[in-house]
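In case you want the letters, here they are:
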Amino acid sequence: MGLETILTLEFVIFVLAATIRIASPLLLATIGEILCERSGILNLGVEGIMAISAFTAFGVCYYTGDPWLGVFAAMAGGAVFGFIHAYNSISLASNQIITGIAIVIFAQGLASFFQRVIFGFSVMPSMIKGFDPFHIPILSQIPLLGPILFQQSVLTYVALISAPLIGIMLFKTTFGLKIRATGDNPKAVATVGLSVYRIRYACVLAGSSLMGLAGAHLILSVSGQVFYEFMISGRGWLALCLVIFAKWNPYKAIYGSLLFGFIDAFQMRLQALGTGIIPYQYLAMLPYLLTVIVLCLSSKRGSRDQPRALAAPYEREG
Amino acid sequence: MLQAKVKKKLRLKAFPVEKFWPFIISVFSVMGALGVGAILILVAGASPLEAYSNMLMGSFGRLYSFGEVLRQATPLIIIGCGIAITNKCNFFNIGAEGQLYMGALMATIVGLTFGEMHSMLIIPLLLVVAFLGGAFWGVIPGILKVKLGTPEIILTISMNYISILFVSQLLEGPLKEPGAYAPYSSPLPTSAQLPILISDTRIHSGFLIAAIIVVLSYVLLRKTVLGFKLKTIGANIKVARAVGINIQKNIVISAIIGGGLAGVAGIIDILAVFHRFPMNLSPGYGYTAIVVSWLGKNNPIGIMLASVFFGALIVGGNSMQRATGIPSVLVSAIQGLVLVFTVTGDYFARKGR
Numbered sequence: 231m232g233l234e235t236i237l238t239l240e241f242v243i244f245v246l247a248a249t250i251r252i253a254s255p256l257l258l259a260t261i262g263e264i265l266c267e268r269s270g271i272l273n274l275g276v277e278g279i280m281a282i283s284a285f286t287a288f289g290v291c292y293y294t295g296d297p298w299l300g301v302f303a304a305m306a307g308g309a310v311f312g313f314i315h316a317y318n319s320i321s322l323a324s325n326q327i328i329t330g331i332a333i334v335i336f337a338q339g340l341a342s343f344f345q346r347v348i349f350g351f352s353v354m355p356s357m358i359k360g361f362d363p364f365h366i367p368i369l370s371q372i373p374l375l376g377p378i379l380f381q382q383s384v385l386t387y388v389a390l391i392s393a394p395l396i397g398i399m400l401f402k403t404t405f406g407l408k409i410r411a412t413g414d415n416p417k418a419v420a421t422v423g424l425s426v427y428r429i430r431y432a433c434v435l436a437g438s439s440l441m442g443l444a445g446a447h448l449i450l451s452v453s454g455q456v457f458y459e460f461m462i463s464g465r466g467w468l469a470l471c472l473v474i475f476a477k478w479n480p481y482k483a484i485y486g487s488l489l490f491g492f493i494d495a496f497q498m499r500l501q502a503l504g505t506g507i508i509p510y511q512y513l514a515m516l517p518y519l520l521t522v523i524v525l526c527l528s529s530k531r532g533s534r535d536q537p538r539a540l541a542a543p544y545e546r547e548g
Numbered sequence: 586m587l588q589a590k591v592k593k594k595l596r597l598k599a600f601p602v603e604k605f606w607p608f609i610i611s612v613f614s615v616m617g618a619l620g621v622g623a624i625l626i627l628v629a630g631a632s633p634l635e636a637y638s639n640m641l642m643g644s645f646g647r648l649y650s651f652g653e654v655l656r657q658a659t660p661l662i663i664i665g666c667g668i669a670i671t672n673k674c675n676f677f678n679i680g681a682e683g684q685l686y687m688g689a690l691m692a693t694i695v696g697l698t699f700g701e702m703h704s705m706l707i708i709p710l711l712l713v714v715a716f717l718g719g720a721f722w723g724v725i726p727g728i729l730k731v732k733l734g735t736p737e738i739i740l741t742i743s744m745n746y747i748s749i750l751f752v753s754q755l756l757e758g759p760l761k762e763p764g765a766y767a768p769y770s771s772p773l774p775t776s777a778q779l780p781i782l783i784s785d786t787r788i789h790s791g792f793l794i795a796a797i798i799v800v801l802s803y804v805l806l807r808k809t810v811l812g813f814k815l816k817t818i819g820a821n822i823k824v825a826r827a828v829g830i831n832i833q834k835n836i837v838i839s840a841i842i843g844g845g846l847a848g849v850a851g852i853i854d855i856l857a858v859f860h861r862f863p864m865n866l867s868p869g870y871g872y873t874a875i876v877v878s879w880l881g882k883n884n885p886i887g888i889m890l891a892s893v894f895f896g897a898l899i900v901g902g903n904s905m906q907r908a909t910g911i912p913s914v915l916v917s918a919i920q921g922l923v924l925v926f927t928v929t930g931d932y933f934a935r936k937g938r
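In the order they appear, the protein sequences are chains A and B. First residue of the first sequence? That's 231 in my numbering, and the numbers climb one at a time after it. First residue of the second sequence? That's 586 in my numbering, and the numbers climb one at a time after it.
Since the hints were made in silico from the structure, they are not lab data. One or more of the hints may lead you astray.
Part of the chain B face toward chain A, derived, beta carbon under 10 Å [unchecked claim]:
#1 LEU697
#2 ILE739
#3 SER743
#4 LEU750
#5 LEU755
#6 ILE886
#7 LEU890
#8 VAL893
#9 LEU915
#10 VAL916
#11 LEU922
#12 VAL923
Taking beta-carbon pairs under 8 Å as the criterion, some of the chain A residues facing chain B (in silico) [stated by the list, open to error]:
#13 ILE327
#14 ILE328
#15 ALA332
#16 ILE335
#17 PHE343
#18 ARG346
#19 MET498
#20 ALA502
#21 LEU503
By construction, the Cβ of each residue, glycine as well, lies at the ideal position given by its N, Cα and C atoms.
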């Protein structure tokens with residue numbers, strides 16, 4: 231056991247394919263959060279929204295047999311919880327941190343509750359038919375790149391496409407400009423006659439739907455998936471870290487999610503193989519360490535990409 | 586305005602509704618959350634009345650259960666007071682969980698190293714070490730915030746994971762009890778055990794320590810200069826600067842206290858309940874304490890009440906699950922919902938002024 235196991239082609243292909251598979255739900259959640267934060271709303275509820283959406287997707291798919299219905303139900307569920315956060319943060323201008331944490335606790339509790347009530351503690355865990363890996367014709371036959379890039383679940387491709395789309399929307403369209411302006415200086419936006427509330431609501435609802443999609447992706451991406459408690463296991467918080475790491479930029483989020491996904495895939499495989507080079511915990515720590523480093527480097531002296539009005543309660547005047 | 590209306594309606598001219606308004610909001614939030622919980626219980630196919638009465642009897646019915654409630658409340662009280670102190674100067678410490686682990690880790694290492702010592706020596710020693718360990722983990726984000734302007738929310742969350750992973754590796758490696766199946770540490774010396782307060786229960790003297798911390802925190806916040814400085818920084822940082830308060834130093838001090846208290850909570854659970862460091866030392870106390878401190882309005886007495894309430898929910902929930910089959914996780918949902926309603930209700934409290 232040791233370096234020989236790692237330097238095999240099989241290991242490399244496995245880890246790289248797993249990287250994309252792990253990165254894509256993270257990417258979706260991150261993009262969703264970027265959308266929220268760009269408009270000035272800090273949505274700490276990601277972990278909870280992903281949990282309840284994953285469960286919703288699982289439940290709907292189980293009872294209808296249609297994974298796409300599960301996807302849409304999950305996105306709707308995400309929007310519902312996003313609305314709770316939006317209402318409190320925008321209309322009531324309350325403390326966004328507390329609201330976010332409350333939603334995490336509530337949504338997680340709800341997900342676990344429904345999971346136990348509906349599916350119970352059975353010996354045979356309920357399974358669903360999710361999305362089988364979708365082999366893109368011709369491209370998936372390419373020797374190395376094929377298994378890595380072109381044999382992923384449909385939702386992975388959705389994730390990889392939506393990130394640049396959101397990026398284009400944010401940086402190249404008028405609406406994107408309005409969003410960014412709202413995140414930096416809502417007063418100025420209001421002066422121009424735009425509705426800060428409406429822009430923020432749109433972003434939070436859309437962002438939360440994306441988080442819901444992320445949750446659905448997690449559970450549906452492989453056929454025969456089982457829903458287990460705490461299956462989100464910190465990926466929601468990781469998405470929050472990734473937003474910082476990517477400096478609120480959807481394009482950088484792609485790279486960041488691949489990096490974090492790679493680290494995760496690598497350490498999971500190491501853990502499974504029992505290779506004793508480095509204890510897997512130190513690898514698992516890396517994304518968080520990287521986040522801390524990025525946070526320290528983007529100090530008040532340096533150029534901060536953070537939306538200047540982030541998490542500041544905004545009350546309409548007049 | 587709203588409060589004036591309520592006063593008029595109830596014909597209470599002199600009654601200071603304003604002071605009790607936050608308390609009233611909390612009560613209504615709890616009732617609202619329990620109401621939604623009742624709907625969920627109905628959906629699950631059971632009777633809310635039966636479920637809730639089981640909860641009530643389960644937490645307050647017997648002395649042992651009430652002991653469990655206080656035992657569950659103890660770490661929440663301690664951490665909650667720490668969070669209240671950091672909240673006062675707007676340092677939002679989400680990292681209590683990681684600070685708890687770090688403090689407990691340091692104290693465990695010291696405890697395992699020093700072996701048998703007299704109780705009066707080793708227990709205070711371990712408490713101090715735990716405080717220092719937690720304070721160390723808490724002061725890092727504090728310093729980063731004041732020196733570099735680093736936003737502490739994501740920073741403290743990241744540090745939680747770093748701390749917990751670090752502890753996990755140690756528990757699976759160097760600290761692991763030789764020959765154990767699961768990752769936990771060797772047991773701490775028997776002299777380092779917090780005694781049970783009331784026989785036939787599991788209430789331990791940690792609860793006394795928690796009570797002392799409540800008093801100390803209350804005095805700190807209400808009566809000392811430090812408390813005043815922290816509150817000024819939180820209320821209006823420009824005024825604080827104008828009055829000559831050293832903002833950086835005081836925020837760092839609050840971070841030290843907050844982190845230290847979290848560490849203390851961690852080691853108390855070890856000294857009193859587990860007697861060794863288990864992998865799952867904390868079922869999210871660091872996060873629940875944030876909820877508790879908000880519910881308690883950053884007032885140590887309120888925090889104590891809120892913690893006992895949450896403890897009752899947890900213990901009652903387990904009892905409810907045993908009796909009616911309703912999953913005890915419902916309690917988590919109710920806890921979160923109470924907070925959501927409290928935040929919503931706070932709005933009306935503000936508008937009603």
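Going down the list of hints, with the structure as the test:
1. The interface hint given for B/LEU697 is violated, since its Cβ lies 20 Å from the closest Cβ of chain A, which is over the 10 Å cut-off.
2. Interface restraint check: B/ILE739 against chain A, minimum CB-CB distance 5 Å, threshold 10 Å, status holds.
3. Look at B/SER743: its Cβ gets to within about 4 Å of chain A, closer than 10 Å, so that hint holds up.
4. Evaluation of the B/LEU750 hint against chain A yields a held restraint, the C-beta minimum of about 4 Å falling below 10 Å.
5. At its closest, the beta carbon of B/LEU755 sits 9 Å from a beta carbon of chain A; the interface hint therefore holds under the 10 Å criterion.
6. Violation of the interface hint for B/ILE886 is found here, the shortest Cβ-Cβ separation to chain A being roughly 20 Å, above the 10 Å cut-off.
7. Restraint check, B/LEU890 versus chain A: the minimum CB separation of about 18 Å is more than 10 Å; hint violated.
8. A cut of 10 Å between beta carbons decides the hint on B/VAL893: the least distance to chain A is about 18 Å, and the hint is violated.
9. Hint status for B/LEU915 relative to chain A: holds, with the closest Cβ pair at about 5 Å, below 10 Å.
10. Hint status for B/VAL916 relative to chain A: holds, with the closest Cβ pair at about 7 Å, below 10 Å.
11. Checking B/LEU922 against chain A: minimum C-beta separation of about 5 Å stays under 10 Å; hint holds.
12. Nearest Cβ of chain A to the Cβ of B/VAL923: about 8 Å, under the 10 Å cut. The hint holds.
13. Of the supplied interface hints, the one on A/ILE327 holds, with its beta-carbon coming within about 6 Å of a beta-carbon of chain B, less than 8 Å.
14. Hint status for A/ILE328 relative to chain B: holds, with the closest Cβ pair at about 5 Å, below 8 Å.
15. Because the beta carbon of A/ALA332 sits about 4 Å from the nearest beta carbon in chain B, less than 8 Å, this interface hint is met.
16. At about 3 Å, the closest approach between the beta carbon of A/ILE335 and any beta carbon in chain B falls short of 8 Å, and the interface hint on this residue holds.
17. Residue-level restraint check for A/PHE343 holds (minimum Cβ-Cβ distance to chain B is 5 Å; threshold 8 Å).
18. Look at A/ARG346: its Cβ gets to within about 4 Å of chain B, closer than 8 Å, so that hint holds up.
19. The closest approach between the C-beta of A/MET498 and any C-beta of chain B is roughly 14 Å, which is over the 8 Å cut-off, so the hint fails.
20. Look at A/ALA502: its Cβ only gets to about 15 Å from chain B, farther than 8 Å, so that hint breaks.
21. Hint status for A/LEU503: violated, given a least beta-carbon distance of 16 Å to chain B, over 8 Å.
Hint check: violations occur at hints 1, 6, 7, 8, 19, 20, 21; the rest are consistent with the structure.
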